[in-house]
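Just so we're aligned, residue 1 is where the sequence shown starts under UniProt numbering, counting upward by one.
Just so you know, these hints were derived from the structure itself, not from any lab. Don't be surprised by glycine CBs; every beta carbon is placed ideally from N, CA and C. Honestly, I wouldn't trust all of these hints.
Said to hold, decoys possible - Here are the computed distance ranges between Cβ atoms for each label pair:
#1 76 / 159: 16 to 24 Å
#2 63 / 97: 36 to 44 Å
#3 100 / 124: 17 to 25 Å
#4 51 / 107: 20 to 28 Å
#5 94 / 63: 21 to 29 Å
#6 100 / 62: 41 to 49 Å
#7 97 / 178: 28 to 36 Å
#8 42 / 186: 21 to 29 Å
#9 156 / 68: 27 to 35 Å
#10 137 / 92: 23 to 31 Å
#11 156 / 97: 33 to 41 Å
#12 120 / 78: 14 to 22 Å
Stated by the list, open to error - With a Cα cut of at most 25 Å, we get these calculated SDA-like pairs of lysine to any residue:
#13 172 / 139
#14 172 / 50
#15 172 / 79
#16 172 / 47
#17 172 / 145
#18 172 / 77
#19 172 / 46
#20 172 / 63
#21 172 / 61
#22 172 / 107
#23 172 / 122
#24 172 / 134
#25 172 / 76
#26 172 / 140
#27 172 / 89
#28 172 / 62
#29 172 / 70
#30 172 / 88
#31 172 / 73
#32 172 / 142
#33 172 / 52
#34 172 / 68
#35 172 / 42
#36 172 / 78
#37 172 / 116
#38 172 / 101
#39 172 / 96
#40 172 / 72
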Amino acid sequence: MSSFRLATLATLAALLAGCGMHHPMRTGGSLQTGPAGEVTAVAHLRTPEGRPGGTVRMTETSQGVLVVAQVEGLGSPGPRGFHIHTAGNCRPSTDASGRMVPFGAAEGHFDPGESGRHGPPAQPPTQSHAGDMPNLPVQADGRGSLSILNPNITLGPGPRSAMGRSVVVHDKPDDLRSQPAGDSGARVLCGVIVPA
């Protein structure tokens with residue numbers, strides 16, 4: 001195992017060890033928590049054709065939500081735009097010009113701070129979308145992975161909750177500045193965030 005992967009795993013373990021108290025999500029009367037009592041969620045990613053494309057797992061910590069993405073089948077290597085979108089809906093939809101957009105029903109980036117601006121990840125929620133995350137690196141075999149702690153979202157009830165929203169992977173890198181979505185191209189993977 002590479003030293004980078006070991007360091008990442010050690011960091012994740014330290015974050016989870018210091019989780020503290022959390023707000024559990026209630027669904028159907030039962031608590032949706034992990035073995036240590038933390039709130040957890042998952043998004044099973046699919047291509048526009050419905051093929052599996054990986055998973056995004058989320059764990060709420062005292063510092064924010066730990067997001068761990070594993071994707072596959074993306075063809076060419078390179079960084080890809082990776083965002084939480086407002087609606088928990090991965091159906092196609094038409095844009096303002098009437099053109100059909102894969103996963104268009106996911107709507108725009110999740111913006112509970114009403115910033116109205118796309119930007120680098122982990123900015124204060126009044127300065128950029130809470131759903132803006134770093135580019136997801138994809139290797140030559142079409143697989144990619146990313147771990148990030150997003151301090152601007154939660155999994156429990158409330159306006160900052162990502163639960164029930166969607167995760168979208170794009171076909172180009174996010175330039176972290178172009179409005180409204182970082183010029184990251186077509187939506188190639190989508191999954192709805194549900195209790196794990």
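Hint check results:
In this structure the hint that residue 76 and residue 159 lie 16 to 24 Å apart at CB is violated, the actual value being about 37 Å. In this structure the supplied range 36 to 44 Å holds for residue 63 paired with residue 97, their Cβ-Cβ distance being about 41 Å. Judged by the Cβ atoms, the range 17 to 25 Å given for residue 100 and residue 124 is violated: they are separated by roughly 35 Å. At about 23 Å, the CB distance of residue 51 to residue 107 agrees with the hint of 20 to 28 Å.
At roughly 39 Å, the beta-carbon separation of residue 94 and residue 63 lies outside the given 21 to 29 Å, and the hint is violated. As the Cβ distance of residue 100 to residue 62 is approximately 42 Å, the hint placing it in 41 to 49 Å holds. At about 18 Å, the beta-carbon gap between residue 97 and residue 178 misses the expected band of 28 to 36 Å. Distance hint for residue 42 and residue 186: a CB-CB separation of about 24 Å, consistent with the stated range 21 to 29 Å.
At about 19 Å, the beta-carbon gap between residue 156 and residue 68 misses the expected band of 27 to 35 Å. Checked against the hint of 23 to 31 Å, the pair residue 137 and residue 92 passes, with Cβ atoms roughly 27 Å apart. Remark: the range hint 33 to 41 Å for residue 156 to residue 97 is upheld by a beta-carbon distance near 38 Å. Taking the beta carbon of each, residue 120 and residue 78 are about 19 Å apart, inside 14 to 22 Å as hinted.
Note on residue 172 and residue 139: the hinted pairing holds, with a Cα-Cα distance of about 14 Å set against a maximum of 25 Å. About 20 Å separates the Cα atoms of residue 172 and residue 50, which keeps this hinted pair within 25 Å; it holds. Our distance criterion of 25 Å between C-alpha atoms is met by residue 172 and residue 79, whose separation comes to about 7 Å. About 15 Å separates the Cα atoms of residue 172 and residue 47, which keeps this hinted pair within 25 Å; it holds.
Under the criterion of a C-alpha separation no larger than 25 Å, the hint pairing residue 172 with residue 145 is consistent with the structure, at around 16 Å. Proposed proximity of residue 172 and residue 77 is supported: the alpha carbons are some 10 Å apart, at most 25 Å. The straight-line distance between the Cα atoms of residue 172 and residue 46 is roughly 17 Å, inside the 25 Å bound, and the hint therefore holds. Taking the CA atoms of residue 172 and residue 63, the gap is about 29 Å. The hint is violated against a cut of 25 Å.
Straight-line distance between C-alpha atoms of residue 172 and residue 61 comes to about 30 Å, which puts the hinted pair past the 25 Å bound. Under the criterion of a C-alpha separation no larger than 25 Å, the hint pairing residue 172 with residue 107 is consistent with the structure, at around 18 Å. Taken as a hint, the residue 172 and residue 122 pair is honoured in the structure, with Cα atoms around 20 Å apart against an allowance of 25 Å. Between the alpha carbons of residue 172 and residue 134 the distance comes to roughly 12 Å, so the proposed pair stays at or under 25 Å and holds.
Under the criterion of a C-alpha separation no larger than 25 Å, the hint pairing residue 172 with residue 76 is consistent with the structure, at around 10 Å. Annotation: proposed proximity of residue 172 to residue 140 holds, straight-line Cα distance about 15 Å (limit 25 Å). About 21 Å separates the Cα atoms of residue 172 and residue 89, which keeps this hinted pair within 25 Å; it holds. Among the hinted pairs, residue 172 with residue 62 is inconsistent with the structure: their alpha-carbon atoms are about 32 Å apart, more than 25 Å.
The hinted pair formed by residue 172 and residue 70 meets the criterion: a straight-line CA distance of about 17 Å does not exceed 25 Å. The straight-line distance between the Cα atoms of residue 172 and residue 88 is roughly 22 Å, inside the 25 Å bound, and the hint therefore holds. Restraint check: the Cα-Cα separation between residue 172 and residue 73 comes to about 15 Å, which is no more than 25 Å; the hinted pair holds. With a CA separation close to 13 Å, the supplied pair residue 172 and residue 142 stays within the 25 Å bound.
The suggested pairing of residue 172 with residue 52 holds, with an alpha-carbon distance near 19 Å, which does not exceed 25 Å. For the suggested pair residue 172 and residue 68, the alpha carbons sit about 20 Å apart, so the restraint of at most 25 Å is met. At most 25 Å may separate the alpha-carbon atoms for a hinted pair to count; residue 172 and residue 42 meet this at roughly 23 Å. Taken as a hint, the residue 172 and residue 78 pair is honoured in the structure, with Cα atoms around 8 Å apart against an allowance of 25 Å.
Taking the CA atoms of residue 172 and residue 116, the gap is about 22 Å. The hint holds against a cut of 25 Å. For a cut-off of 25 Å, the pair hint linking residue 172 to residue 101 stands: about 15 Å separates their Cα positions. As the CA atoms of residue 172 and residue 96 are separated by approximately 21 Å, the hinted pair is consistent with the 25 Å bound. The straight-line distance between the Cα atoms of residue 172 and residue 72 is roughly 15 Å, inside the 25 Å bound, and the hint therefore holds.
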